[in-house]
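S.K.: Please work from the sequences and hints to get the whole structure.
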Amino acid sequence: AQKITQTQPGMFVQEKEAVTLDCTYDTSDQSYGLFWYKQPSSGEMIFLIYQGSYDEQNATEGRYSLNFQKARKSANLVISASQLGDSAMYFCAMREGPRGSTLGRLYFGRGTQLTVWP
Amino acid sequence: EAGVAQSPRYKIIEKRQSVAFWCNPISGHATLYWYQQILGQGPKLLIQFQNNGVVDDSQLPKDRFSAERLKGVDSTLKIQPAKLEDSAVYLCASSLDRSYEQYFGPGTRLTVT
Chain U
1 AQKITQTQPG
11 MFVQEKEAVT
21 LDCTYDTSDQ
31 SYGLFWYKQP
41 SSGEMIFLIY
51 QGSYDEQNAT
61 EGRYSLNFQK
71 ARKSANLVIS
81 ASQLGDSAMY
91 FCAMREGPRG
101 STLGRLYFGR
111 GTQLTVWP
Chain S
119 EAGVAQSPRY
129 KIIEKRQSVA
139 FWCNPISGHA
149 TLYWYQQILG
159 QGPKLLIQFQ
169 NNGVVDDSQL
179 PKDRFSAERL
189 KGVDSTLKIQ
199 PAKLEDSAVY
209 LCASSLDRSY
219 EQYFGPGTRL
229 TVT
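Residue numbers (this note's numbering), protein chains in the order written: chain U, 1 to 118; chain S, 119 to 231.
You may find that some hints are simply not true.
Said to hold, decoys possible - Listed below are the simulated EDC-like cross-link pairs for lysine to aspartate or glutamate, each with C-alpha atoms no more than 20 Å apart in a straight line:
| id | chain 1 | residue 1 | chain 2 | residue 2 |
| --- | --- | --- | --- | --- |
| 1 | U | Lys73 | U | Glu96 |
| 2 | S | Lys162 | S | Asp175 |
| 3 | S | Lys189 | S | Asp215 |
| 4 | S | Lys162 | S | Glu132 |
| 5 | U | Lys3 | U | Glu96 |
| 6 | S | Lys162 | S | Asp204 |
| 7 | S | Lys196 | S | Glu132 |
| 8 | U | Lys3 | S | Glu203 |
| 9 | S | Lys129 | U | Glu44 |
| 10 | S | Lys162 | U | Glu44 |
| 11 | S | Lys162 | U | Asp26 |
| 12 | U | Lys3 | S | Asp174 |
| 13 | U | Lys73 | U | Glu44 |
| 14 | U | Lys3 | U | Asp26 |
| 15 | S | Lys129 | S | Asp204 |
| 16 | U | Lys3 | S | Asp175 |
| 17 | U | Lys70 | U | Asp86 |
| 18 | S | Lys180 | S | Asp215 |
| 19 | S | Lys196 | S | Glu219 |
| 20 | S | Lys162 | U | Glu96 |
| 21 | U | Lys16 | U | Glu96 |
Unchecked claim - Rough simulated footprint, nothing fancy, chain U against chain S, three-plus residues with beta-carbon under 8 Å:
| id | stretch |
| --- | --- |
| 22 | 128–137 |
| 23 | 163–176 |
| 24 | 187–195 |
Simulated from the structure, these hints should not be mistaken for laboratory data.
Ideal placement from N, C-alpha and C gives every residue a C-beta, glycine not left out.
M.R.: Next comes the structure, spelled out in structure tokens:
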């Protein structure tokens, strides 16, 4: 079974609008972490936001927020006030196990290509 | 703060040849990862080092891939002999010991013909 599922191959949003990128995950661990990364056409993976499984508040980082619904096993990324520079591939990822564990494997989804138009 | 450095950025080789990639992690980062990203997919972990010891290499095709991290800083990933299906971007990442966030380098795009 896929650990991370991203069902939207592509999304389009107009500049200054908000957009939600979907992510569902599958794990039997009680302790895990969820991440979103941005990959521009240059290829580098840029860390955006992190949510721990025991965090009660949804994570926010500037224009990025993570809509964490534990019971539904979803961790959607919300980008507010989209900018042209947000056009990129976005990956959801999960790390199983408690923070500080030496096993750091990230499981990635297949990504969502976001296009922001003027 | 300097990011994760990788070289070369691009490499084209013929099948059955060998190739090596180099990674220099962020200063002070004890954990280093090599991921393989095939076109259209998310990255997949090949190997994880904690300082100079291997923590996880369960997904590394050990018959052709090898990696080392001597002195616990720089790392090299080698493929010998290469196959067509090894065409991918090879990403190096590092993180502070006991920290979740992994920071990635620009990657090496390998094309095997």
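S.K.: Hints first: check each against the structure and report whether it holds.
M.R.: Structure-based check of each hint:
1. U:Lys73 with U:Glu96: Given that 20 Å is the threshold and the Cα spacing comes to 13 Å, the pair holds.
2. S:Lys162 with S:Asp175: 11 Å, holds
3. S:Lys189 with S:Asp215: This hinted pair holds, its Cα atoms lying about 16 Å apart.
4. S:Lys162 with S:Glu132: 23 Å, violated
5. U:Lys3 with U:Glu96: Satisfied, since the Cα-Cα distance of roughly 10 Å is no more than 20 Å.
6. S:Lys162 with S:Asp204: 13 Å, holds
7. S:Lys196 with S:Glu132: 15 Å, holds
8. U:Lys3 with S:Glu203: 23 Å, violated
9. S:Lys129 with U:Glu44: 17 Å, holds
10. S:Lys162 with U:Glu44: Cα-Cα ~15 Å, so holds.
11. S:Lys162 with U:Asp26: 16 Å, holds
12. U:Lys3 with S:Asp174: With Cα atoms ~18 Å apart, U:Lys3 and S:Asp174 stay inside 20 Å; holds.
13. U:Lys73 with U:Glu44: At roughly 27 Å apart (the allowed maximum being 20 Å), U:Glu44 and U:Lys73 break the hint.
14. U:Lys3 with U:Asp26: Distance ~5 Å between U:Lys3 and U:Asp26 Cα, so the pair holds.
15. S:Lys129 with S:Asp204: 12 Å, holds
16. U:Lys3 with S:Asp175: 19 Å, holds
17. U:Lys70 with U:Asp86: 27 Å, violated
18. S:Lys180 with S:Asp215: The hint is violated at about 26 Å.
19. S:Lys196 with S:Glu219: Measuring from Cα to Cα gives roughly 26 Å; hence the hint is violated.
20. S:Lys162 with U:Glu96: 15 Å, holds
21. U:Lys16 with U:Glu96: 35 Å, violated
22. 128–137: Three-residue rule not met by the stretch 128–137 of chain S, so violated; n is 0.
23. 163–176: Satisfied; 5 residues make the cut.
24. 187–195: violated (count 0)
In this structure, the earlier hints numbered 4, 8, 13, 17, 18, 19, 21, 22, 24 are contradicted, and the remaining ones agree with it.
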